[in-house]
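Peer 1: Listed below are the residues making up each chain.
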Amino acid sequence: MTIKMDKKERNSTLFVLGGILLFIVFILNIGLGSVKINVDEIFKILVSDSDVNKSHASIIMNIRLPRTMATLLGGACLATSGLLLQIFFGNPIVEPFILGISSGSNLFVGLVMLGGVTFGMGTINSMGMFIGSFIGAMLVMIAVIFASQKVKNITTLLVVGLMFGYICSSITSVLTALANHEKISKFTMWTMGSFAGFKWADIKLLYIMGLPFLLLAFFMSKPLNSMLLGEKYAQSMGISINKFRFLMVLVSSVLTAVVTAFAGPVSFIGLAVPHIVRISFKTSNNRVIIPAACIYGAIMAGLCDLISRIILAPTEIPIGAITSIIGAPMVVFLLVRKKGSEF
Amino acid sequence: MNTIMSAKGLDVGYENKTVISDINIEAIKGQIICLLGPNGAGKSTILRTLSGLLSPVKGFVEIDGANISRIKQKNIAKKLSLVLTDNVSPSLTTVNEIVAMGRIPYTGFMGKLTENDWNIVKESLEMVGAYDLRERYYSQLSDGEKQKVMIARALVQEPELMILDEPTSHLDIKHKIEIIRVLQRLANEKQITCILSLHDIDIALKGCQTVLLVNNGVIVAQGAPEDIVKNGCIQKLYGISGAKYNELLGSVEFVGNSIADIFVTGGNSTGINIYRALSRNGYGINAGVLHENDTDFQVAKIICSEVVTEIPFEPISNEKVQKAMQFIKYSKCVIDTGFPIGSGNKGNVKILNYALTINKPVLSIRDKSECHKIYGENSEKVIYCDGIFSLLKCIRKILENNDLFSKAV
Chain Y
14 MTIKMDKKER
24 NSTLFVLGGI
34 LLFIVFILNI
44 GLGSVKINVD
54 EIFKILVSDS
64 DVNKSHASII
74 MNIRLPRTMA
84 TLLGGACLAT
94 SGLLLQIFFG
104 NPIVEPFILG
114 ISSGSNLFVG
124 LVMLGGVTFG
134 MGTINSMGMF
144 IGSFIGAMLV
154 MIAVIFASQK
164 VKNITTLLVV
174 GLMFGYICSS
184 ITSVLTALAN
194 HEKISKFTMW
204 TMGSFAGFKW
214 ADIKLLYIMG
224 LPFLLLAFFM
234 SKPLNSMLLG
244 EKYAQSMGIS
254 INKFRFLMVL
264 VSSVLTAVVT
274 AFAGPVSFIG
284 LAVPHIVRIS
294 FKTSNNRVII
304 PAACIYGAIM
314 AGLCDLISRI
324 ILAPTEIPIG
334 AITSIIGAPM
344 VVFLLVRKKG
354 SEF
Chain Z
119 MNTIMSAKGL
129 DVGYENKTVI
139 SDINIEAIKG
149 QIICLLGPNG
159 AGKSTILRTL
169 SGLLSPVKGF
179 VEIDGANISR
189 IKQKNIAKKL
199 SLVLTDNVSP
209 SLTTVNEIVA
219 MGRIPYTGFM
229 GKLTENDWNI
239 VKESLEMVGA
249 YDLRERYYSQ
259 LSDGEKQKVM
269 IARALVQEPE
279 LMILDEPTSH
289 LDIKHKIEII
299 RVLQRLANEK
309 QITCILSLHD
319 IDIALKGCQT
329 VLLVNNGVIV
339 AQGAPEDIVK
349 NGCIQKLYGI
359 SGAKYNELLG
369 SVEFVGNSIA
379 DIFVTGGNST
389 GINIYRALSR
399 NGYGINAGVL
409 HENDTDFQVA
419 KIICSEVVTE
429 IPFEPISNEK
439 VQKAMQFIKY
449 SKCVIDTGFP
459 IGSGNKGNVK
469 ILNYALTINK
479 PVLSIRDKSE
489 CHKIYGENSE
499 KVIYCDGIFS
509 LLKCIRKILE
519 NNDLFSKAV
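Those protein sequences? They're chains Y and Z, same order as listed.
At position 159 of the first sequence the residue is numbered 172 (our numbering), and the sequence of numbers has no breaks.
At position 170 of the second sequence the residue is numbered 288 (our numbering), and the sequence of numbers has no breaks.
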């Protein structure tokens, strides 16, 4: 019984810590940059518009607040999506980027941005970007699932994902070659992955699509837990596997697509965060891990975005570079430290 | 009797390709039913179909009188649970958490466990003898411990029927027996029916009430193990060559070299180890005279090229002694296994004395004084060996000299 209490204490401590860190990251992201803004001023600006520095208010309300909000939710979505994929494939080293799902999004966003395909939206807008991104993610996801049923080997599956990625990027490069210069520079910026330049309309879509699906992921924690023992066991415990598989594909595709549509491919958050969370919470119980992945995913994305903005200021480097540099060695370290015995 | 699961004229397979046809099974409450057969015979396919994971090609499986394909997945889960061969090893999951997963069909939307659920988890862990493991991480357990935990998990589903695919493979003998013991307890105390596949013929025949022999796409036989597993049955089922399975002893004996150079006596189980040791080293053996009710006979009839036998409980007749002497004449050496001597097997002493008289090398496991008593003057010629190792060394020397001798001639 004592150990169970310890576990509960550990969990609540880590959740409280996560909450505090998240708040600190939020304030830092808004306060730091080429123009530094004090904490009390941030509060004043956020709470009321009277009696504040107009230019500071404008920086916060038009640039930093939307960017921070996008970064935090984006991190949560990517981490959760990665977690779902890891459970679904029973494989600790998958995430949207590795399986080529992000590349699928890339391609279809490319179609939207370069080819002018609007998916029935008339003009190119946030919704069109999202739908393109979602279709791309979903297509690759379904393809990878089909492949995963044929090949059980983890390495082969990763190679298959990689190949899907290559196919998508080669088509994307064909599109790039055919497109005009103005569109290309905008698209290239996007493919490097960045949370910069979020508009409030994008934020609205991000939150409207992202939050319900994060909640849905949390509500799926019971079948997700049963999936820890593999599909057959899950089925034998009364989970209707087809319904669950459909939901899984839908949720992780939406979560990946919604981020990729606006921020471009951001790698490794989906891979690293679930690991970090599992190891620090010392459990695989998804009722704990999903909310934890959301919080710590947001923190990691926030920190990485902050670093990408200020480390070489005034030049901003792509967030994808930072997440890879931090995320990849972290995963290697975690895998090595656990001596493989946990997998 | 209380039937929990039944299937009549069931064909199983994948995508309309039948693997095994015309399966008839009736599983009674508290029964342990075992599928035996070679690798690839389709045991797993049958088990997967019975558990509802695979749709049958023809016919249907009934649980409690209802067609399994018409029952909701969740309700099946309350009647039937599985232990699979899939090597699952979720990271950072304790035994308690794994076993608690078995409560999934009973818990609410978020899967929160009640006090009652935890009690059932505890009971199940105690039942399989894994309660001490409850706080350990599953991935750090040994194979045997893992299997017990998986059975506890299946038990937590409070099933009436448990289907286990090769639950004892990869386990050492201690854990194999423990697993079967646990299943027997479940069957007897909780009236849970177990249907399983095994590769341990011996354990299957001794531990399960009903055995189904599966091979070449059909159920070859089914019934109580004692009724269906007769002489040569296992041999045929698995298509074994180069060795024979002895159903009576439950042992595998390798068939020996057919060119026999050595004659070995025996009786009262003194021969078995020597037959095996010689055969293992590539020597061909003739044996005799053995009574047909002697355990030595059971092994000798498989390993040895020729066995001179006598009817049970009769003294060894002169005719059999003569026959054995013929074999000795053409043997390069003779071995006295140190059998106890009584009125029934005096003939064997006669045989050994004959061998000594015609100057065949006789190797004995007995000590000198005993030999002196038995063979009298002839005992001077006996070569004494104190174990299998020295016996083999002597034989090697004798046969080498013999070869030199025959080459010289």
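Don't read these hints as lab results, they were simulated from the structure.
Do not take every clue at face value.
Here are the simulated BS3-like cross-link-like pairs (lysine-lysine), alpha carbons at most 30 angstroms apart as the crow flies [claimed, not checked]: (1) Y/Lys20 - Z/Lys486; (2) Y/Lys256 - Z/Lys176; (3) Z/Lys308 - Y/Lys245; (4) Z/Lys135 - Y/Lys163; (5) Y/Lys245 - Z/Lys197; (6) Y/Lys256 - Z/Lys308; (7) Y/Lys295 - Z/Lys176; (8) Z/Lys240 - Y/Lys21; (9) Z/Lys292 - Y/Lys245; (10) Z/Lys292 - Y/Lys256.
Peer 1: For each hint, tell me whether it holds in the structure or not.
Peer 2: Hint by hint, here is what the structure shows:
1. Only pairs whose Cα atoms come within 30 angstroms are accepted, and Y/Lys20 paired with Z/Lys486 is rejected, the gap being roughly 72 angstroms.
2. The suggested pairing of Y/Lys256 with Z/Lys176 holds, with an alpha-carbon distance near 26 angstroms, which does not exceed 30 angstroms.
3. Our distance criterion of 30 angstroms between C-alpha atoms is met by Z/Lys308 and Y/Lys245, whose separation comes to about 25 angstroms.
4. The straight-line distance between the Cα atoms of Z/Lys135 and Y/Lys163 is roughly 18 angstroms, inside the 30 angstroms bound, and the hint therefore holds.
5. A C-alpha spacing of about 16 angstroms is found between Y/Lys245 and Z/Lys197, which places the hinted pair at or below 30 angstroms, so the restraint holds.
6. Between the alpha carbons of Y/Lys256 and Z/Lys308 the distance comes to roughly 34 angstroms, so the proposed pair goes past 30 angstroms and is violated.
7. Distance hint between Y/Lys295 and Z/Lys176 is unfulfilled; the C-alpha atoms sit about 47 angstroms from each other, more than 30 angstroms.
8. This hinted pair checks out: Z/Lys240 and Y/Lys21 have alpha carbons roughly 19 angstroms apart, not beyond 30 angstroms.
9. The straight-line distance between the Cα atoms of Z/Lys292 and Y/Lys245 is roughly 28 angstroms, inside the 30 angstroms bound, and the hint therefore holds.
10. Annotation: proposed proximity of Z/Lys292 to Y/Lys256 is violated, straight-line Cα distance about 42 angstroms (limit 30 angstroms).
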